[in-house]
Amino acid sequence: MALIEADGIHVRFGDRVVLEEINLSVNEGELHGIMGPNGAGKTTFFNTLTGSVRPSRGRIRLDGSDIAGLDPHAIARKGVARSFQIMTLFNDFTAQENVMVALPAFRARGFDVRRAVAGDTALADEANAVLASVGLGAKAAISAKLLSYGERRALEIAVALAQRPRVLCLDEPTSGLGTDGTLRLADLIGALKGKLTIVAVEHDMRFLFSLADRISVIHWGQVVARGTPRELQENPWVKRSNLGSFG
Amino acid sequence: MTGTSSDARLITPTMLGTWLVLATVPFWISAVGLYPYIGVEIVIWSIYALAFNLLLGTSGLPSFGHGAFFGVGAYAFGLTQFNIAANIWVSLAGALLAGAFAGLLVGLFIAHRRGIYFALMTIAFGQIFWTISVKWHSVTGGEDGLLNIARLPVNLGVVSFDITDNDALYYFVLAVFAVVVVLLWRLVNSPYGRILSAIRQSEVRTAHLGYNVWLYKLSVIVLSAAFSGFAGGLFAMAQRSAFPDVMNLAQSGLIVMMTLVGGGLVSFWGPVIGVIVFLIARDVIGAATNAWMLYFGTMFVLLVLFRPEGIAGAAKLIAERWRNRSATPAVLSSETRSG
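Same order as they appear, the protein sequences are chains U and L.
For what it's worth, the working numbering labels the leading residue of the first sequence as 3, then goes sequentially.
For what it's worth, the working numbering labels the leading residue of the second sequence as 600, then goes sequentially.
For the record, the hints were derived by calculation from the structure and aren't laboratory data.
All C-beta atoms in this analysis are idealised placements derived from N, C-alpha and C, irrespective of residue type, glycine included.
It cannot be assumed that every hint is accurate.
Derived contacts from chain U toward chain L, CB cut-off under 7 Å, selection only [as the list claims (entries may be wrong)]:
#	residue
1	Gly81
2	Phe92
3	Asp94
4	Leu105
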């Protein structure tokens, strides 16, 4: 059954149509890849899913209820988490603090001014467990700005995971990573596969084809092809456009 | 701003040390050649600066019209005293609530803004409040100000203290300062404070984590304005009057300058350090030359150029270097950015 579903999404900036009639349905537990050339509207679609862009028309249903046009924080509260292509970490916080503020248990105490955060071992333990799951267990006390690029990419994902999302949206997770880093990230996301519903915008075709259950190709604001990685490799449009030439 | 054990404490060693030192001020202040009333000013402006820094340092919201809230509190202190009840607690509550209300009013217009737009809006609102204080003669006394504000006795139920004497007033405002410091310290180290800090670092990320950023910003504007109003009330009581000039643009700029010089961006105590340095510099350099602002301004420019984290930031850096002098150099990670 579809957990998140976009139905006839149109996005217009002024008189420029960016997305036209995008339909997408992602099943629970599926890893759905989104690819397409630069400027195709991938990121705009992503921003529409997570609330930073309001669609001018269309519906986005999460588990049946319409979330299109809600504020980002409201969509996040319903269980949609996202990572960012341009890393958006809290640089003055430690890795642990970055994860901690993302925990639902922390959010529930957001307006609490009576207790201090330091010394709250329950929150710290929960945050450390999330860090360990992305291989940053030993880096909890390190300031986010002092982590290496690959570690920051992993922390990006840890922060999204800490939200205990139902749908995890990854915006170009391998962006800027070298071969080693990409392989490590593929392992990490492979381990999440099946446990979470994941929508991933990605440029790295090898990465996407090895991980995704299905892939949608967006071009000129429309879905031009969709299918399993195997099907897509045979797709004439994908072949012609060079997008599938990853081997 | 890494979590340390002292963050969790209600009262920290630094607080105790600061209070203790401040408590001895009346005994030596004259001996070092300073005017005793400067102690009262330092403590009241410290409350104001800490309240202001809730916005600038903690939440990253640059307010250049904060004098409005300070001034509203000052007038409210006098007006409640004249029109409602001549009781110090009623007047202080009036100052606090008036500040909070002004903060709410302004916050509703600016809480969705950030950066330069936020700053410009605060200047505009600051000017509006200043103009009202000058023009609304029947309430504020216009340019003549609100005079004959009394230093009301501190009524604690069983006992009552008279604070018409400057030393007594000093110990009263110091006690109030101690309470405010405890409250604000707890606030900035609470989950709420962490989220404000997260908003300063990335509004976008914080929103996508499920936090209603607008509501957090509005609430901290109200809190900051409330404590600023409260400080304004104490100021009106200390000065026995309230004037429009505390609301003007230059005065609003002073609190920004004090906070930055002290290091409010990197330290809880930065604003207090800034207030102490500023007011002492005013009296010491001001005694020698009328152009004292020239010297202080030069110092400000140099500081912003070379040590933008202020005095507290420079002190932290020195302490860090001292600690690391024998430590091994950090190993660079092999993971680097590549195509």
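Task: Index of numbered hints that the structure contradicts, given in increasing order - done: Violated: hints 1 and 4.
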